[in-house]
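S.K.: Join the two chains into one complex using the hints; note that each chain is given alone, in its own frame.
Single-letter residue listing:
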Amino acid sequence: EAGVTQSPTHLIKTRGQQVTLRCSPISGHTSVYWYQQALGLGLQFLLWYDEGEERNRGNFPPRFSGRQFPNYSSELNVNALELEDSALYLCASSVGTGLQPQHFGDGTRLSIL
Amino acid sequence: GQQLNQSPQSMFIQEGEDVSMNCTSSSIFNTWLWYKQDPGEGPVLLIALYKAGELTSNGRLTAQFGITRKDSFLNISASIPSDVGIYFCAGRNTGVNYGGATNKLIFGTGTLLAVQP
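If you read the sequences in order, they're chains A and B.
Just so you know, we're using the working numbering here: the first sequence kicks off at 328 and counts up by one.
Just so you know, we're using the working numbering here: the second sequence kicks off at 11 and counts up by one.
One chain only, chain B, in its complex shape (with noise of 0.2 angstroms):
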């Protein structure tokens, strides 16, 4: 199946530290999603993005949707160990201009965060 490449794999850092991690594509999307997903639970969702250049933030989470629509990246400030888990960027595109194929999720390979105290 079809997956976004996702960078880097894992992380161990110690808590306090800035950690980022970025999205890339090989096709455009008009939307890009970062989700953070917990041993045993569903992706939770982090930050949506809806516009090429866009920079959100969310507390400690800042993400941007790249001009190219092509990546997006996700900077977490100041990680604390609750950081701890598994983050998924996803892209999506929606209405019929896009292959036809809407609204489902492409996912990137995850990024495992460890945080020491």
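Chain A on its own, in the form it takes in the complex (with noise of 0.2 angstroms):
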């Protein structure tokens, strides 16, 4: 059973850019959240999405945002780059919302020069 899958593996843009990354979950999870790992930050919670809807967010400004596709897939999109928006990206996906635990994709570097 193929895992998590996230691409690209990295990405270097300049500030003020705009990126897509993209997340394929595990086949038959329906949720897929967002995390961010930036240096000193530890892995912070971005997004949730589970049967198309945003059912969370973390506490990260409006120029990141996403969404989910009927297939379960979901994007990353991240507005006006700024320099600390430098990080490993991972998405993780779990069987629908109740206890089942999340697991990651190995994430999307992240490089803002």
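Hints listed in this document are in silico derivations from the structure and should not be mistaken for laboratory results.
Being a predicted model, the structure only gives us computed values, none of them experimental.
For each residue, glycine too, the CB sits at the ideal point set by N, CA and C.
Wrong hints could be hidden among the right ones.
[What the hints assert, rightly or not] Derived CB-CB ranges, DEER-like: (1) A/Gln-427 - B/Thr-119: 20 to 28 angstroms; (2) A/Ser-438 - B/Pro-18: 25 to 33 angstroms; (3) B/Ile-23 - A/Asn-406: 39 to 47 angstroms; (4) A/Pro-335 - B/Asn-68: 30 to 38 angstroms; (5) B/Leu-65 - A/Gly-343: 46 to 54 angstroms; (6) B/Val-54 - A/Arg-349: 14 to 22 angstroms; (7) A/Gln-345 - B/Gly-63: 43 to 51 angstroms.
M.R.: Following this line, the structure appears as structure tokens:
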């Protein structure tokens, strides 16, 4: 069974640009979560999507947004990139919204110059 | 952002030694999870705990969900070189009864484990 897959693996952008990151959940998983892992700040919750709806978002500005598609894959969009957006962006998926644990992909490393 | 207190911050041990790390929170959780992250990879789930007082093992790993619901520990017995990595605890609340912020994982600050052969 394939795990959570994310693309691209690495990305370099400049300040002010926009970026789209992609995530495919484990087959059968309907919930997708996005986390940011920035140096010195640890893993921080960004967004949670389930059945195509945004269920919860973390303490991030509105320029961080996303969506979930009917096949449960998801995109994370970041507009007006800032230097502090440099981080590893991790996607996780789980079965529904119950007690099942979240399983992570290997992330997209975003570097802002 | 919110992070749980995890200790120790780092450990440098000899192969074969036992390891213990713990995680504390100021608020309660109804799920505790432990993950391991290797360089360049995402966190990999090690153990999930769902009930206060629960003690669960996965091979050489043992974790417990604290009775107060505010803490958890992870033990690794007879460490081997491939145990090297960063270990994270994570707490989670599911269901609308837990402050409305459901399902998101609150992570600990991480424990870096180095094992010398």
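S.K.: Evaluate each hint against the coordinates.
M.R.: For each hint, the structure was consulted:
For the hinted restraint 20 to 28 angstroms between A/Gln-427 and B/Thr-119, the CB-CB distance of approximately 25 angstroms keeps it satisfied. The hinted range of 25 to 33 angstroms is satisfied by A/Ser-438 and B/Pro-18, whose Cβ atoms lie roughly 30 angstroms apart. For B/Ile-23 paired with A/Asn-406, a C-beta distance near 45 angstroms keeps the hint of 39 to 47 angstroms intact. Range check, A/Pro-335 to B/Asn-68: about 32 angstroms between beta-carbon atoms, so the 30 to 38 angstroms window is met.
For the hinted restraint 46 to 54 angstroms between B/Leu-65 and A/Gly-343, the CB-CB distance of approximately 51 angstroms keeps it satisfied. Taking 14 to 22 angstroms as the suggested C-beta distance range, the pair B/Val-54 and A/Arg-349 conforms, at roughly 21 angstroms. A/Gln-345 and B/Gly-63 have their C-beta atoms about 48 angstroms apart, which keeps the hinted 43 to 51 angstroms range intact.
When the structure is compared with the earlier hints, no violation turns up for any of them.
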